[in-house]
Amino acid sequence: MLKYGVKGGFSLSTYTGGGDIGSSAGFKPGFTAGALVNYGLSDMTSIQIEGLYSQKGTFIDQANYTGTTLSQYNGQQYRSTLSYIDVPVLFKVNTGDAGKGFFFELGPQASFAVGSREFFRPQGAGAGSPQEVAVYRGTERLVPVGIGYVGGLGYQITSGLGLGVRYTGDFSNVYKDGFGSGSSPLRGDNNFRNGVFQFQVHYLFGGKS
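Under this note's numbering, the first residue of the sequence shown is numbered 1, with each subsequent residue one higher.
Source of the hints: derived by calculation from the structure; they are not laboratory data. C-beta: ideal position from N, C-alpha, C; glycine also. The reader is advised that the hints may include incorrect statements.
[Unchecked claim] Have a look at the derived ranges for each label pair, beta carbon to beta carbon:
#1 77 <-> 97: 43 to 53 angstroms
#2 26 <-> 172: 40 to 50 angstroms
#3 151 <-> 203: 15 to 25 angstroms
#4 134 <-> 197: 23 to 33 angstroms
#5 157 <-> 177: 37 to 47 angstroms
#6 133 <-> 47: 13 to 23 angstroms
#7 96 <-> 138: 37 to 47 angstroms
#8 155 <-> 41: 12 to 22 angstroms
#9 133 <-> 93: 14 to 24 angstroms
#10 1 <-> 177: 43 to 53 angstroms
#11 155 <-> 77: 35 to 45 angstroms
#12 61 <-> 205: 35 to 45 angstroms
[As the list claims (entries may be wrong)] In silico lysine to aspartate or glutamate, EDC-like type, Cα no more than 20 angstroms apart, as pairs:
#13 176 <-> 132
#14 92 <-> 43
#15 92 <-> 105
#16 7 <-> 105
#17 100 <-> 140
#18 3 <-> 43
#19 3 <-> 105
#20 3 <-> 97
Model the full assembly from the supplied sequences, consistent with the hints where possible.
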């Protein structure tokens, strides 16, 4: 049984792993949206492939940045919005009757970097009422294709409408070797990766429940 659908939702993203920024990163809001195809293997199991535009990144209240006049201030707020096309391939288990009820999902994911916007806001003495300063736009310094994983659960309310929450994590670093956040020359370990909580709504078409 083949179904297809659309989905979208709210996300909270951060950086995980080692390095100064990985250990101090906070969560940044964003969104995700896209389409899916679901192929039923049995009454309870299916394979689902998705194509999603996903915002990732992080927010840090006190961050260090070198190489510009921003370094004169005591600290800066850092915000990054990284854009990806995520392609998860998920094995799903549905626990209810007629395709409804609770479901669980798990599988690998490929993430293709398509955009990056990174900003600093000077803080401290002399900063006055600062505006955000863009320090980088582009994808040249991001790892172009990240490999990661997805795990989640949800509830299929009707044969079409469903809700879900999932966590997506990367095995791949955010930046290429030699670059850190803000695309400044790397000051330390850049062994940090994207981690995202996603809260989604989806609607399925086709097939019969």
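Here is what the structure says about each hint:
One distance hint, 43 to 53 angstroms for the beta-carbon pair residue 77 and residue 97, holds here, with the actual separation near 50 angstroms. Checked against the hint of 40 to 50 angstroms, the C-beta distance between residue 26 and residue 172 comes to roughly 21 angstroms, which is inconsistent with it. For residue 151 and residue 203, the Cβ-Cβ distance of about 22 angstroms falls inside the hinted range of 15 to 25 angstroms, so the restraint holds. Checked against the hint of 23 to 33 angstroms, the C-beta distance between residue 134 and residue 197 comes to roughly 26 angstroms, which is consistent with it.
Taking the beta carbon of each, residue 157 and residue 177 are about 46 angstroms apart, inside 37 to 47 angstroms as hinted. Separation of residue 133 from residue 47 is about 45 angstroms and departs from the stated range, judged on CB atoms against 13 to 23 angstroms. The hinted range of 37 to 47 angstroms is satisfied by residue 96 and residue 138, whose Cβ atoms lie roughly 46 angstroms apart. About 20 angstroms separates the C-beta atoms of residue 155 and residue 41, a value consistent with the hinted range of 12 to 22 angstroms.
Distance hint for residue 133 and residue 93: a CB-CB separation of about 48 angstroms, inconsistent with the stated range 14 to 24 angstroms. Taken as a hint, the range 43 to 53 angstroms holds for the pair residue 1 and residue 177, whose Cβ atoms sit roughly 45 angstroms apart. A hinted range of 35 to 45 angstroms holds for the C-beta pair residue 155 and residue 77, which are about 37 angstroms apart. Judged by the Cβ atoms, the range 35 to 45 angstroms given for residue 61 and residue 205 holds: they are separated by roughly 44 angstroms.
Taken as a hint, the residue 176 and residue 132 pair is broken in the structure, with Cα atoms around 25 angstroms apart against an allowance of 20 angstroms. A C-alpha spacing of about 11 angstroms is found between residue 92 and residue 43, which places the hinted pair at or below 20 angstroms, so the restraint holds. Between the alpha carbons of residue 92 and residue 105 the distance comes to roughly 4 angstroms, so the proposed pair stays at or under 20 angstroms and holds. Only pairs whose Cα atoms come within 20 angstroms are accepted, and residue 7 paired with residue 105 is accepted, the gap being roughly 15 angstroms.
Taking the CA atoms of residue 100 and residue 140, the gap is about 44 angstroms. The hint is violated against a cut of 20 angstroms. Restraint check for residue 3 and residue 43: satisfied, since their Cα atoms lie roughly 13 angstroms apart, inside the 20 angstroms limit. Proposed proximity of residue 3 and residue 105 is supported: the alpha carbons are some 16 angstroms apart, at most 20 angstroms. Only pairs whose Cα atoms come within 20 angstroms are accepted, and residue 3 paired with residue 97 is accepted, the gap being roughly 17 angstroms.
Comparing the model with each earlier hint shows violations of hints 2, 6, 9, 13, 17; every other hint is respected.
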